[in-house]
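Engineer: Protein chains in written order, with our numbering: chain C, 1 to 301; chain L, 1 to 298.
If you are wondering where the hints come from, they were derived from the structure by calculation, not from laboratory data. For each residue, glycine too, the CB sits at the ideal point set by N, CA and C. Errors might be hidden in some of the hints.
[What the hints assert, rightly or not] Computed Cβ-Cβ distance ranges for the label pairs, DEER-style:
hint	chain 1	residue 1	chain 2	residue 2	range
1	L	Ser37	C	Lys12	52 to 60 Å
2	L	Leu35	C	Phe76	25 to 33 Å
3	L	Leu188	C	Lys101	19 to 27 Å
Residues per chain, in single letters:
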Amino acid sequence: MRKRKFINSSLKGWLYLLPAILFLGVFMVYPLLDVFVYSFEEGYNSASQTYFGTGFYNYSYVLHDPYFLQAVKNTFVLVVITVPLSTGIALIISIGLHAIKPLRELLQTIYFLPYVTNTLAVGMVFMILFKKTAYSEGLINLLITGLGGTSVDFIDGPYWAKMFVLCFYTIWVVMPFKILILTGALSGVDEQYYHAARVDGTSKFRIFMRITLPMISPMIFYLVITGFIGAFKAYSDVVALFGTNLNAAEMNTIVGYVYDMLYGDSGGYPSYASAAAIILFVIILTITCINLLVSKKNVHY
Amino acid sequence: MGRKNMNTDKKTDYEKIELTVRRQKRISDIITYVLLSVWAVIVLFPFYWMVLTSIKSYGAYNSEYIPKFYTLSPTLQNYVDAFTAVPLGKYLVNTVIFTLATTFLMLIVITLAAFAFARLDFKGKNIVFVIFLSLMMIPNELVIITNYMTVTNLDMRNSFTGLILPSVTSVFYIYLLKENFEQIPDTLYYAAKVDGTSDFKYLLRVMIPISKPTLVTVTILKVIECWNSYVWPRLITDDERYFLVSNGIQEIRENGFGRENIPAMMAAVVVISLPLIILFLIFRKKIMEGVSRGGMKG
Numbered sequence: 001m002r003k004r005k006f007i008n009s010s011l012k013g014w015l016y017l018l019p020a021i022l023f024l025g026v027f028m029v030y031p032l033l034d035v036f037v038y039s040f041e042e043g044y045n046s047a048s049q050t051y052f053g054t055g056f057y058n059y060s061y062v063l064h065d066p067y068f069l070q071a072v073k074n075t076f077v078l079v080v081i082t083v084p085l086s087t088g089i090a091l092i093i094s095i096g097l098h099a100i101k102p103l104r105e106l107l108q109t110i111y112f113l114p115y116v117t118n119t120l121a122v123g124m125v126f127m128i129l130f131k132k133t134a135y136s137e138g139l140i141n142l143l144i145t146g147l148g149g150t151s152v153d154f155i156d157g158p159y160w161a162k163m164f165v166l167c168f169y170t171i172w173v174v175m176p177f178k179i180l181i182l183t184g185a186l187s188g189v190d191e192q193y194y195h196a197a198r199v200d201g202t203s204k205f206r207i208f209m210r211i212t213l214p215m216i217s218p219m220i221f222y223l224v225i226t227g228f229i230g231a232f233k234a235y236s237d238v239v240a241l242f243g244t245n246l247n248a249a250e251m252n253t254i255v256g257y258v259y260d261m262l263y264g265d266s267g268g269y270p271s272y273a274s275a276a277a278i279i280l281f282v283i284i285l286t287i288t289c290i291n292l293l294v295s296k297k298n299v300h301y
Numbered sequence: 001m002g003r004k005n006m007n008t009d010k011k012t013d014y015e016k017i018e019l020t021v022r023r024q025k026r027i028s029d030i031i032t033y034v035l036l037s038v039w040a041v042i043v044l045f046p047f048y049w050m051v052l053t054s055i056k057s058y059g060a061y062n063s064e065y066i067p068k069f070y071t072l073s074p075t076l077q078n079y080v081d082a083f084t085a086v087p088l089g090k091y092l093v094n095t096v097i098f099t100l101a102t103t104f105l106m107l108i109v110i111t112l113a114a115f116a117f118a119r120l121d122f123k124g125k126n127i128v129f130v131i132f133l134s135l136m137m138i139p140n141e142l143v144i145i146t147n148y149m150t151v152t153n154l155d156m157r158n159s160f161t162g163l164i165l166p167s168v169t170s171v172f173y174i175y176l177l178k179e180n181f182e183q184i185p186d187t188l189y190y191a192a193k194v195d196g197t198s199d200f201k202y203l204l205r206v207m208i209p210i211s212k213p214t215l216v217t218v219t220i221l222k223v224i225e226c227w228n229s230y231v232w233p234r235l236i237t238d239d240e241r242y243f244l245v246s247n248g249i250q251e252i253r254e255n256g257f258g259r260e261n262i263p264a265m266m267a268a269v270v271v272i273s274l275p276l277i278i279l280f281l282i283f284r285k286k287i288m289e290g291v292s293r294g295g296m297k298g
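Looking at chain C on its own, in the form it has when it is part of the complex (with noise of 0.2 Å):
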């Protein structure tokens, strides 16, 4: 009877588990194992979902395709600028907000907005800003230009106009998770260390690099971790800028790259899709892994 009891029990719960199990073994376990699978199957015909061979082919070609490398490439230099860059601006900002305290919350709401708008809808209007057409040099270049520079096309025009378009469009929209983690953090610092520090009269500076920066070290740490994940899969705010034909315009991303391999043109080669996607995984782990690394010397818990 007992027993009996305990079985029921014991369906019941995983009766209740039953759907989420379904969902995350159709969705996510089973492909898991199949991506590794596809990334070493040889020659993969969509189309008759047979293969010829099994082996590192289909990573040795994604790795000797310009367009793979120059994929790494934009996202290793978008990486590189967009993550300190936005979590130092950030700082600076959330300092800045913790110190006043009329317009505060007004401000903090405004800082939020970019999160909530559509990545694609917002990224026209960053286009249109930039851009240089036929009848007009477009706001930012009459912008340069009035201050005496020569005009560029940002959206057409040289690589590294195009980076500076992309990067500061990356960190206008991360600004508002870091800005928002970053001031809860700072409200979260104890006041009576600054008072204690007051007292013994410290400076302003030597109070902010020895009391409220290891204070706050974990959730910069934070940031900086899931700003190198967020900034390594960067794709759609490439599109909003740059269209989806990323590839012609030099400025595609490794996400970018597994997805034109599955869909559109130049797609039909999951496995290609699957080895790329395979060395994104491996760069951003192996990054996580330094971090975690570095932090364990340098934050303070």
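Keeping the supplied structure of chain C fixed, place chain L upon it in accordance with the hints.
Structural biologist: For chain L alone, kept in the frame of chain C given last:
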């Protein structure tokens, strides 16, 4: 005499110090506000520009070599164009259906799972929970390839089923809800058991009402995510009748209106952005709190 003199000296010293401190404070305040205003302008300007451009007439916009920062003859014609020249209305309806269905199904799935983890005892529960947690680390990019093949092979491309099904579970939300369920005192459960209430009834009548704040947060975050989703819908739909707003706007950019009709394009952008901005202004506190609890985008 000498003593008195010293006293006044001291006083002016204090005043001087106080004055410089106050002046310093004022200067640093000014710098802070200027800095914060600059960023506020950078954030708000694109929104201003999109609304402004959307109410300029096509002719006026194209004749401005130097774009004007205001318009004296606002028009709503662009909004009319946005709904008639391209199927923006259809995109919006699709997105609403997709968002509501996905969020609703997800709420059912995660509530049942969180209930099992928080309240029920059964063999293997802990192992399954650990497996669930480890799935949180898997980036979407890694599984999307097979999902694309699966949905294609099941002939579910260009259907709402194909759009919705892969995103109706979220391990993170299950975890969030489980934590919340566990805070409900056990005594309530035993009292309900004594009264002969079934587990399912207990979940419906007691746990869900108590956890309403968390459920609302999860719902809003999921709605934002659905409204903005781009990659999966793009892979799975190439029939315009099933486009969501993100794909719709991309389609409008590449083929709609003709590339030059930027005011109409901006009108579409405003229409797409507005629902979420309104939602945000209503639920500001909840959204910001929910996001800071771990809602990284994507």
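Engineer: Against each hint, give a clear statement of whether it holds in the structure.
Structural biologist: Taking the hints in turn, this is what the structure says about them:
no.: 1; hint: L:Ser37 to C:Lys12: 52 to 60 Å; in the structure: holds (58 Å)
no.: 2; hint: L:Leu35 to C:Phe76: 25 to 33 Å; in the structure: holds (30 Å)
no.: 3; hint: L:Leu188 to C:Lys101: 19 to 27 Å; in the structure: violated (42 Å)
Hint 3 from the list above is the single one not met by this structure.
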